[in-house]
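Q: The chain contents come next:
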Amino acid sequence: MRVALHGFLLLAVLAGNAQTGALWEAQQNRILALERAWNQAVQQKDAKAVEPLLDEELIYIDDDGTIMNKAHYLTSVRESAQHFQHIVNESTQVRFFGKSAVVIGIYREQGVKNGKPYILRDRFVDTWIDQNNAWMCVASQSTLIAH
Amino acid sequence: MRPTICALVIMCLVMVFLLAARTSAQDNNAGAAGSKVLALESAWNMAEEKADVRALDLIFDGSMIYIDEDGSLLTKAQFLSRVKLAGPQLQSLVTQTIAVRVYGEAAMVVGSYQAKGVERGKAYLRQGRFMDTWILKEGAWVCVVAQSTPLH
Chain C
1 MRVALHGFLL LAVLAGNAQT GALWEAQQNR ILALERAWNQ AVQQKDAKAV EPLLDEELIY
61 IDDDGTIMNK AHYLTSVRES AQHFQHIVNE STQVRFFGKS AVVIGIYREQ GVKNGKPYIL
121 RDRFVDTWID QNNAWMCVAS QSTLIAH
Chain U
1 MRPTICALVI MCLVMVFLLA ARTSAQDNNA GAAGSKVLAL ESAWNMAEEK ADVRALDLIF
61 DGSMIYIDED GSLLTKAQFL SRVKLAGPQL QSLVTQTIAV RVYGEAAMVV GSYQAKGVER
121 GKAYLRQGRF MDTWILKEGA WVCVVAQSTP LH
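Protein chains in written order, with the numbering used here: chain C, 1 to 147; chain U, 1 to 152.
It is worth saying that the hints were derived from the structure and are not from the lab. Hints are not guaranteed to be accurate.
Derived coverage of chain U by chain C (criterion: at least 3 residues anywhere in the stretch with Cβ under 8 Å from a Cβ of chain C; other residues may be distant) [to be verified]:
(1) 59-71
(2) 93-103
(3) 106-118
(4) 137-151
Note that the Cβ used here is the ideal one computed from N, Cα and C, for glycine as well.
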């Protein structure tokens, strides 16, 4: 009887851990999907699609050091001078800290600017906050990868 | 003798800041949290100027990631070792806070920095933006991610 009870408790703990792991994985996939949607919207200069992903108090630091608020950033998406061909995130990792998540990765942008093709690689950090079961980006910073 | 006293003073200051950063349920509000992380930011600057890696070790979480001005990604150990090597070359590190945001048990500090020093015999002046992410862990604020972006 005792062996059976211990076995049952062990199974319950394992099932609980598996459920927690699955929940975190689901949250991670959700955030990475939002990151992909963001890139796609930027590529299409679709500021309306970017808008719901961002918190009203967003702080955005671009790779030239420019600091933007949400309105300023959305304008920059809409009025970008570049013609984007491909935007993708690479080597991303998501770290959870309670109700916040930090995504660290490499942002790779390929396009044409002033008639010339270019490829840009930035290291970025995006901070997302769970607000009533919706992840909103509150901060984003990029640094140009020099090498 | 002097560097030892200096290191001791910084260590004491960091300990005081860390004790102050220990949060009780009563003062767990955004304003208090913001002040605590700003105090830790000041302690960080002082410690980095003096290459005091023991003090910095207390400020950073074990999993801390630092993104440098050239886009390279450093672990806590790599960052501390770099501070140790670069310490004598750094003459001053001045930061200016632009914004502090607190979201429950996470906080962010955004600002600008100016670093002056000498590298390979040549004087340098670097300016940029930074964003540091702090989390409340076991009652104390620790930095988990820090990033620098040079001003172009």
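Q: Next, verify each hint and record whether it holds.
A: Here is how each hint holds up against the structure:
no.	hint	in the structure
1	59-71	holds (count 7)
2	93-103	holds (count 4)
3	106-118	holds (count 3)
4	137-151	holds (count 7)
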